[in-house]
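Asker: From first to last, the protein sequence lines stand for chains A and B. Each residue of the first sequence is one higher than the one before, starting from 1 at the first, in the numbering used here. Each residue of the second sequence is one higher than the one before, starting from 1 at the first, in the numbering used here.
Worth double-checking, as some hints may not be accurate.
A short, non-exhaustive set of chain B residues, derived as facing chain A with CB atoms under 10 Å [said to hold, decoys possible]:
1) Gly79
2) Pro86
3) Gly174
4) Thr205
5) Thr212
6) Asp213
7) Ser218
Counterexamples of contact, computed for chain A against chain B with all Cβ distances above 10 Å [to be verified]:
8) Leu11
9) Met128
10) Val202
11) Pro215
In case anyone wonders, no lab produced these hints; they're calculated from the structure. Note that CB positions come from ideal geometry on N, CA and C, so glycine has one too.
Spelled out, the chains give:
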Amino acid sequence: MSFFNFAWQWLIAVGHWSGPEGVPSRLLEHVEYTALAMVISAAVGLPAGVIIGHFGRGGFAVVSLANIWRSLPTLGLLILAFVLSSGASWAWLIPLVALAVPPILVNAYEGVLGVDPDLKDAATGMGMTPLQVLFKVEIPVALPLILLGLRTATIQVVSTATIAAYISLGGLGRYIIDGLATNNYGEVAGGAALVVLLALVVQFAFSGLTRLIVPAGLRNQARQS
Amino acid sequence: MHRIALYKAMALGIAAAAGLTLAACGSSGGKSNPLSGGGGSKSVVIGSANFPESQLLATIYQQALQAKGIKVTTKLNIGAREVYYPLIRKGTITILPEYNGALLTTSVSPSSTAASTAQVDAALKAGLPSTLEILNPSTAQDADSVTVTAAFAKKYHLKSIPDLKPIAKNMVFGGPPEFRTRADGLIGLKKNYGLVFKNFKPTDTSSTITFTDLMNGSVQAADVFTTSPQIISDHFVVLADPKNNFAAQNVLPLVYKPGVNAKIIGILNAVSAALSQTALLQMDSALVVQHASYSQVASGFLSATGLG
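Next up, chain B with everything else stripped away, as it sits in the complex:
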């Protein structure tokens, strides 16, 4: 008797799972191959870097385009810029959420000294290959920063990066592995502020490992994104950057030109026009602190701004 009941329950479970799988296949329209290249294919491929905000922005672009009837596939969580930039150059990816300053100094012109939004965008327009184009920047910025705990800032009276000069030689600096070799990473901190740290500890991209290491003191300062919700919840202090070591980092779409048309560009520019710094920080907080899903947060933003 029990056994029969168990079998019935199992059969029901399997049927339900199969139904879900079918439904999932139906809604994603998985016919197009994301590796077939953006050039000739009708579907637009949206990519993202390997951190939550980038995946959120990619989801916002995806939903905004889908709301206007454009076929979209996604390839999220690809990796660092060094990995995904070659993919959009080839047209494997059509649209990527980008940060203008980091794009310029990592992939387009490492020696560029452009710092303001206008300077950075001008340098990008001049330096990008002819197949790539940046669209209008939003006012939302997610810049790299040198960030310390409130207690450390208080102890050494730290307000801006040059205040670290006398103590840097005893400090361990944390950041993603690529911070060691990037022009606006350790190299820039040495060039602009004369800072040489005792050690560099590779952590992660402004996420769990970095914040845990900052809190427990195994690093004294770290490269942290300025829209990280933990800055508010865990009382970190972002040090001012008077010499603009970290260039402007406005959120904007980077597109593979042969893969987009005027309609797509119009929709993406409307998203950028609606995206403010406050909106971005609130969405990041909803993601990380309240554990909302990317699609929930994205559709919330789009319906609030009348774009979805």
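Excised from the complex, chain A in its bound form:
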């Protein structure tokens, strides 16, 4: 219980809710870090996964590589990027993108690869061009898995974006690192609780998004499988 108590006592203190070090601005910074990392990761991972899944060649090598890539130590990568870029302010992006690309890529690949060949045949038979088959059949059918990959990556990035504070930046990690350095556990618990809440919000947002853009028939199919 003491974690929740620490976190609650810290969160309800009025002083922590205003100014550049207050919760709203730290939360905004955290969302900005997450959003930027996700935009870049999706721009890399989605096309790569879809193309490899579509052609079905080289998939094993790329998926294996992506899975090995996931085991890179995030903090080590952060410090490496920071030192190699002589302290560039974008150094935090490297480990977050490295973390987010593999689940996005692997899920897009598996999703597109798993599309029923009969469906593709039927689409071609109806006179669709190969590009139309890709965009009107393969990607929509793969959508539940693609969204799953994006959701997994976003939740990982939300929780890992705390490391930006390690290289003097803001975000919710600021509370965790500063709190640990000064033995202020209320601050640590409050910061951690906010990260958990943000991850939950992401989870619900993706559930809503899935409901909105995945065709009803596919949703039911996904639930059954």
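Since chain A is already given, all that's left is putting chain B on it; use the hints.
Answerer: Frame of chain A; chain B shown alone:
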């Protein structure tokens, strides 16, 4: 054929790894539980803070004690003083390398104005709880400092901290997160020199992040330890501190009294007597610039001084 060769190589590798693991277990004598408390247990637990020099000093204490047949376990890289001080108060840790001034103003008496080594040690002896004791100080000091790049010092003719007065309001100051709240941190710089900086940027404890930020100009001044080898290799300028905002920082052992005896105290005092400022800076340089291991550097020092 190839496959069989591969399996053989793998089997050899696994056997070698298992042998190493066994050897490692054998040499560390891992029976004692470092969390069982120093009071009754026979093994001495040496802790350290989370920066290289503290871990090096802890390794020197460890090897000096082991050389005289005392059983030692270590718990290195614990964290900042705010985190490890409660552990030695409880006796979870028996011996810690400390810096007298920072110990006084962070954990014992935040309002203390003691500045010289003698003043600081006297204040510590008066203020420490009865279970804790500081041993003899070494002459080696690793004080906090306000440090700037050579180019910045030249541009604004900086020699000492008060020279920052006219430009502080446009400067970003870097330091570990705890510098913001410590009495000899931002609070002390404001009280003693009237310095209020434009911004404070939390970096790390006089390490990679701090020095990179100083070099690329995202901070103009930073809290840096005076034995950092980078001061020499990257030509930083340590500003003089005429009002002793940063108190004396002699290296000395802080011990949990019920966990140590006269023999242990004698060995640790002999280490402090041999530890000079030059020796400490050279060892720090060997660690950070030449990437020597803690145990290599520690045993080098002990054999050179006849203690190992």
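Asker: Where does the structure disagree with the numbered hints, that is, which hint numbers, in rising order?
Answerer: Those not satisfied: there are none.
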